[in-house]
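A.B. asks: First to last, the protein sequences are chains A and B.
If you're matching positions, the first sequence starts at 1 in this note's numbering and goes up one per residue.
If you're matching positions, the second sequence starts at 601 in this note's numbering and goes up one per residue.
One thing to keep in mind: the hints can contain errors.
[Unchecked claim] Chain B is faced by these chain A residues, among others (derived, beta-carbon under 8 Å):
| no. | residue |
| --- | --- |
| 1 | Y6 |
| 2 | H9 |
| 3 | A138 |
| 4 | G260 |
| 5 | E264 |
| 6 | K279 |
| 7 | T347 |
[Claimed, not checked] DSS-like mimics (lysine-lysine), calculated; alpha carbons at most 25 Å apart, straight line:
| no. | chain 1 | residue 1 | chain 2 | residue 2 |
| --- | --- | --- | --- | --- |
| 8 | A | K251 | B | K616 |
| 9 | A | K483 | A | K459 |
| 10 | A | K391 | A | K532 |
| 11 | A | K87 | B | K680 |
| 12 | A | K115 | B | K673 |
To be clear, the hints were calculated from the coordinates, so they are not data collected in a lab.
No residue lacks a Cβ here, since even glycine has one placed at the ideal position from N, Cα and C.
One-letter residues, chain by chain:
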Amino acid sequence: MKDTIYRSHVLICTGTGCVSSGAKNIKHELQDELADNDLKNEIKIVETGCHGFCEKGPIMVVYPEGVFYCQVKEEDVSEIVEEHLLKGRIVERLLFKEPMTEESIPSYEDIDFYKKQHRIALANCGKINPESINEYIANGGYEAAGKALTQMTPEEIIKEVKEAGLRGRGGGGFPTGLKWQFAFDNNSDKKYVICNADEGDPGAFMDRSVLEGDPHRIIEGMLINAYAIGADEGYVYVRAEYPLAIDRLQKAIDAAEDLGLLGEDIFGSGFNFNLHIKKGAGAFVCGEETALMASIEGKRGMPNPRPPYPAEKGLWGKPTNINNVETLANIPYIINEGSEVFSSIGTENSKGTKVFALTGKIKNTGLVEVPMGTTLQEVVYDIGGGLTDDKDFKAIQTGGPSGGCIPEDYLALPIDYDSLIEVGAMMGSGGMVVMDDSTCMVDVARFFLSFTQSESCGKCTPCREGTKRMLEILNRICDGEGKDGDIRLLEQLGEHIKDTALCGLGQTAPNPVLSTLQYFRNEYEAHIYDNKCPAGVCEELAASFTINIDSCIGCGQCVKVCPVDAISKGDGKYYIIDEEVCISCGACAKKCPVDAIFQG
Amino acid sequence: MKSLEDLREMRKEVEKEMQTRKNTNKPKVIIGMGTCGIAAGAREILQAVMEEMDKRDLDIEVTQTGCIGMCEKEPLMDVKLPGKDRITYGNLDKEDVKRIIVNHVINGNVVDELVIARLEE
């Protein structure tokens with residue numbers, strides 16, 4: 001029997017998320033079970049990249065039915081083999097249950113999480129084996145590169161990308177076609193293209209998932225990019241903390257070279273292109289394009305003033321075009337489908353889709369790709385399934401350490417580059433952290449600022465000193481030592497740093513503080529003037545707990561869990577908490593069987 | 601690979617690897633794989649279907665189902681062509697499978713003497 005025909009394909013997600021929840025063991029178990037049941041020649045196991053639904057991993061999809069199993073454990077494998085693969089009966093208990101309706105959904109496409117998504121950059125992620133160039137080609141891969149190199153001029157490609165309205169997905173939102181035009185216009189004997197995969201925002205994993213799940217798409221995007229601007233060499237700058245992404249990308253590059261899709265005279269067009277991987281050492285600032293290029297050149301990763309822009313004097317002083325992973329992932333689609341199809345998706349000034357890493361206090365954590373203009377409400381509730389424990393929504397943080405917090409009033413906001421800036425946040429690379437009412441916004445601002453502060457390279461004073469001073473003030477406020485005038489000082493410092501820092505890292509570092517000051521000023525004031533942390537997060541300020549003596553049944557369970565022995569027997573059968581000793585950990589309130597303990 | 605045509609040739613070749621995952625309107629062959637079916641030899645029927653699939657380059661969907669209560673007539677196999685009635689064949693052996701694939705699946709002619717049930721579209 002030829003090895004190409006299998007009656008069933010079992011796709012196992014081996015993205016980083018599912019591997020850490022045990023996907024590799026599941027694969028081995030499945031291999032053993034298939035061998036035991038003599039099914040090896042009938043059923044093919046395919047390792048895929050991330051499906052995006054990391055919350056429910058490890059994920060397994062069984063074709064031809066397209067049945068979607070989630071949170072599969074090793075001990076479930078024999079049941080899947082015997083019931084589903086042998087007898088054709090779906091294992092109901094492993095199906096996804098919709099959080100809102102409790103309904104079991106067998107098929108991938110019918111799950112709410114996927115229904116509202118529109119996948120372009122992630123089209124192949126989770127559907128093909130990223131280590132097989134054949135599967136990429138079978139899904140139409142390299143067709144766009146072939147078309148671009150043999151049937152289009154560089155000018156035509158740049159025009160197409162411009163008309164598509166694609167903007168940089170790394171955060172800035174600069175028009176991609178225009179960027180290419182600049183690099184094209186600068187004549188030189190040597191030019192470079194770079195893919196920026198130095199994804200460093202806390203909680204963001206879009207670029208990693210694309211590289212892990214569909215590395216050939218990035219190679220194809222870069223190939224088209226290189227041909228369009230006249231470059232013959234490229235680098236993918238990816239952080240060393242992404243070993244699986246690096247491994248799969250390297251395999252993809254090797255496979256493309258073997259087929260002649262990289263190297264000399266590609267598609268017989270006379271065009272040459274070679275691609276290398278450069279591993280970054282994990283400095284956040286290296287995501288800034290001038291620092292990134294310095295790092296590739298072997299220098300210390302620090303930004304340089306622009307101009308000159310990379311399009312003029314980039315890597316090794318040559319004209320260079322740098323695009324983010326997701327930006328490049330859109331290129332093959334634009335060339336295949338045309339700019340009109342692409343620009344029909346999205347809003348007036350933000351075309352296409354955007355991938356977001358949805359995390360925080362949300363039921364369906366994962367990777368989502370939605371058309372620009374989708375509202376925050378749709379992302380949080382329709383796709384994300386709402387907040388964990390059905391708590392109240394407080395804010396959503398977009399754009400990572402460079403972004404801002406958006407309050408509930410703006411849930412109906414359609415997401416695009418400009419709308420987010422208007423409300424004081426930004427698209428950023430696409431991190432989205434959902435926060436519930438137990439989150440202290442001052443603490444959140446402090447978290448993000450402490451991140452940028454420690455990642456500041458120290459080259460320019462506003463960022464090096466300014467973020468340090470801002471952080472000191474925030475630490476003071478959280479410790480209950482805030483002073484009158486701190487808020488004004490934070491705002492002043494923030495505005496100055498925004499205006500004067502050398503690179504994007506510094507210019508955007510104050511955003512989390514400024515946006516929380518804009519929408520949650522009362523929380524800052526409560527910390528400073530009332531000595532209270534309304535969310536009960538900041539330990540020094542958290543209100544102590546009190547026992548309602550009318551409801552207390554005197555069971556004494558609270559005494560057992562109190563870590564500081566603050567609870568003792570009162571006059572009657574009930575217990576009391578010593579406010580002086582209480583550290584407001586809340587352990588007693590969680591334990592109380594009659595909800596007699598409250599904060600404040 | 602030296603031209604866009606080469607790529608398209610290769611694509612045609614490798615698309616077969618992926619056909620199991622393409623959920624289009626394909627002819628469906630459904631085999632009864634309950635305990636009764638397996639005991640009556642459904643595994644060989646399934647293997648025979650796959651051999652035919654391979655030999656004739658068929659793009660069809662092969663799935664299984666559990667016991668439908670006609671254990672007496674196992675092994676059972678259903679053929680469902682897009683837009684046509686679902687036909688159930690029973691008491692099959694490998695030779696019957698070949699006939700059904702050629703006559704029914706490929707040419708659309710139901711093999712009447714093997715039919716035991718018909719489910720209207």
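A.B. asks: Are the hints correct? Go through all of them and say.
C.D. replies: Do the hints match the structure? See the list:
no.	hint	result
1	Y6	holds, 6 Å
2	H9	holds, 5 Å
3	A138	holds, 4 Å
4	G260	holds, 5 Å
5	E264	violated, 11 Å
6	K279	violated, 29 Å
7	T347	violated, 31 Å
8	A/K251 with B/K616	holds, 23 Å
9	A/K483 with A/K459	violated, 30 Å
10	A/K391 with A/K532	holds, 22 Å
11	A/K87 with B/K680	holds, 19 Å
12	A/K115 with B/K673	violated, 41 Å
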